[in-house]
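Starting from the structure of chain A, add chain B where the hints point.
Listed below are the residues making up each chain.
2 protein chains.
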Amino acid sequence: MTQRPRIVIVGAGFGGLHAAQALAGKDVDVLLIDRQNYHTFTPLLYQVATCALDPSDIAYPIRQIFSRKRNIHVLMGEVEQIDSDARTLTIQLEDRAIQEPYDYLIVAAGSVTNYFGNEAVEANGFPLKDLNDAIFLRNHILQQFETAVRREDEAERRALTTLVVVGGGPTGLETAGALHELYNDVLKNDFPELERAQVILIEATKTLLTPYPEKLQDSARDQLASLGVRVILNTSVTDVGESYVKLADGQEIATHTLIWAAGTKGAPLSERLNLPLQRGGRVPLRPTMEVVEREAIYVVGDMAYLEDDKGQPYPMLIPVAQQEGKLAAHNILRRIAGQDQETFTYHDRGIMATIGRSRAVAWIFNRISLTGYLAWVAWLFLHLLWLLGFRNRLSVLMNWVWNYLTYDRSVRLILPSKRPLAVEAEPIYADEHELVEESG
Amino acid sequence: MTQRPRIVIVGAGFGGLHAAQALAGKDVDVLLIDRQNYHTFTPLLYQVATCALDPSDIAYPIRQIFSRKRNIHVLMGEVEQIDSDARTLTIQLEDRAIQEPYDYLIVAAGSVTNYFGNEAVEANGFPLKDLNDAIFLRNHILQQFETAVRREDEAERRALTTLVVVGGGPTGLETAGALHELYNDVLKNDFPELERAQVILIEATKTLLTPYPEKLQDSARDQLASLGVRVILNTSVTDVGESYVKLADGQEIATHTLIWAAGTKGAPLSERLNLPLQRGGRVPLRPTMEVVEREAIYVVGDMAYLEDDKGQPYPMLIPVAQQEGKLAAHNILRRIAGQDQETFTYHDRGIMATIGRSRAVAWIFNRISLTGYLAWVAWLFLHLLWLLGFRNRLSVLMNWVWNYLTYDRSVRLILPSKRPLAVEAEPIYADEHELVEESG
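Chains as they are written, first to last, in my numbering: chain A, 72 to 511; chain B, 72 to 511.
Simulated from the structure, these hints should not be mistaken for laboratory data. Take these hints with a grain of salt, some might be off.
Note that the list lumps identical chains together, so a pair holds whenever it fits in one copy or between two copies.
[What the hints assert, rightly or not] Cross-link-like lysine-lysine pairs, in silico, DSSO-like; alpha carbons within 27 Å at most:
id	residue 1	residue 2
1	Lys97	Lys259
2	Lys277	Lys140
3	Lys259	Lys140
Since the model is a prediction, treat every value here as computed from it, not as a measurement.
Excised from the complex, chain A in its bound form (with noise of 0.2 Å):
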């Protein structure tokens, strides 16, 4: 404990980097802990997943982040307890615990894959919600086509290279879209043997990307249609096993795949700070981000619930955690300065989903909705600028030049992965299968 303020950052998400880049500089000292030595750009995972990126595109180490701001130190662990008393963290690193103690805390542990307790679709789905869910399901995909190639039967063939992807949202979206390329410009090549293969979206509700407009949900719809996306709305998934899925209308699919994007929820360290949880395992907040009746701790990201002047909680976007962390920041250095805290207000710039090559929906400031091509673009530009560090974007950059104009894949490798559901794991990679619960 040293003689400057010292605060503590849980996850270096999009919430948990903000933060600690608002902090960098100032007079306090800093510890920002996360279960990876890298932070990951999370919109483009499902890229990864189908082949389009190296994992090291979308992932920027931590300690280089910071590598010049010397009040600012990484620790790579795990945060197992959080003692709000004795204003402590128990820290679960690679070999031991150690016990590391706070000033100020802010929690930015973000969320975790939500299976709404069904445990079929826990044990047969496939997450993706980190980097090593986008490996794993990267080799999947991939050895199912290497699988289905050697198989007599045709309806076994069929089910290897059926791909259904669950949950209307961006993610579920940018997958099944992205998969059904990498199916049509790839895979169809590599493995001529083979009958089409089918991507199906699958959604509960009655409409793809519920926070946009009915004009870009059709958009969206009819853009997935375009492209061969088989979308079935109002139908949710009831069983999953290793080579079906069964829907609520009684139709049951033949596949071994099915990708789980329906639901988040907060991480579940949100349940160490021992207070009622809002509904997702979100933490309730005063407007100024701070935990109720918990001195000194902020929440920050998917994990913070708080509610806007409509009464509707704030969604788990990027640009929501960004500006939460960087308030929780500005209203510890406040507090240290004897100052009033501000409260949060959401600055929307928009919202916005790619569905494949000139393929894509946006949502900008509430007002201007733009589709197809210019859409597709505003995207892409976006998601280059959002990138961290000038060589993920060079590198990004090529991929996306050199798949666009050739039609091809830069990285289908089935390389070394791990389950990422816990029930699979070995002692051994037991903290990185922890992974899926809280993606840092």
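Using the frame of chain A, we list chain B on its own:
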């Protein structure tokens, strides 16, 4: 079984690849089998292990190489048995075993790490023979520094940041040099709290780079020293534990990282031929690359034992494997055409090894010797040239230029990977674990 002669090639390394390319478009059916779905450019494995390159930079999808070659078929699987009487192979796929017939067989399964029966080294050492080895080693090295930074005890910190490389051949030299640069250019800044790390290169004989002229051997040693690598000659490793290395001269080095680049031997598949093997588990052959007393079976590359006119076996080098693979393919075509087969003569273009930035040695056409900057530039240029595929060349070039200009390392991520040692195998990964015994 088709009308046309069916040639099966085992292994898509440099030998198998060149054999397949020589048979592409010819009036034969070819089945190319590999454990992986990609060909690995092994000379740059050490750069993946030291965070300089992405795995996908040095891996190339096998199906893509032959996507326009209608007579070349690709199979991802592991050859378990060779029945040279029935002329069939037993191949283990992901989920089950299949049989494949052949008229002619080219075995190019490469080599595996040779621990010379030292179980301690096998259990605690890190091999560097395939992509999984490289990723696993990269993770381990980065993890050592993450662990060291939280250790109070100075001796423990030093042990964690001491990296030992065993083997004075090109792989050992290049790995030691690259490790030191990784520390010097990157990890030193990422972990300012740590004392100076140390890289030690150990060689059992009295010289590095045995096949090179003495002048180049001395130069390599000087260049390593000028970089800061400690070189220990004339000393063999007697024992290795999780936290120490014991040497024949009695000294003990505290370290958690021993990289074993001290030996390779023919892939175990050679034993499936049921005939007396030469030293290093290599298969004795006629100069036509045919196996003695095994009808229609050819062996090429690291598995092949063939002596030059001085009675010395041809070395386990990529150009040898390439030329042997090509000859085996041509000889099979000649047999089919009823022509006499040709015998192997090696066209030696030279050997080279890089030690680090502007540091290298090259011995070209057994005449020209280059050292330092000139040898380094030649090395860079030729390896870019030898890489498969424009995209990989572009990406490697980009990473090299980036690393050179910024003294940065692009991909220092701790990503999922599997311990290469079979003893650690768990069922789900079994086939990948085996990989270390047969790098395609």
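Within, between, both or neither: Lys97, Lys259 at alpha-carbon 27 Å
Cα proximity of Lys97 and Lys259: across copies only (24 Å, versus 55 Å in one copy).
Status of Lys140 relative to Lys259 across identical chains (alpha carbons, at most 27 Å)
The answer is between: 15 Å across copies meets 27 Å, while 49 Å in one copy does not.
Same-copy or cross-copy closeness of Lys277 to Lys140 [CA-CA at most 27 Å]
neither (49 Å within a copy, 47 Å between copies)
In this structure, the one hint that does not hold is number 2.
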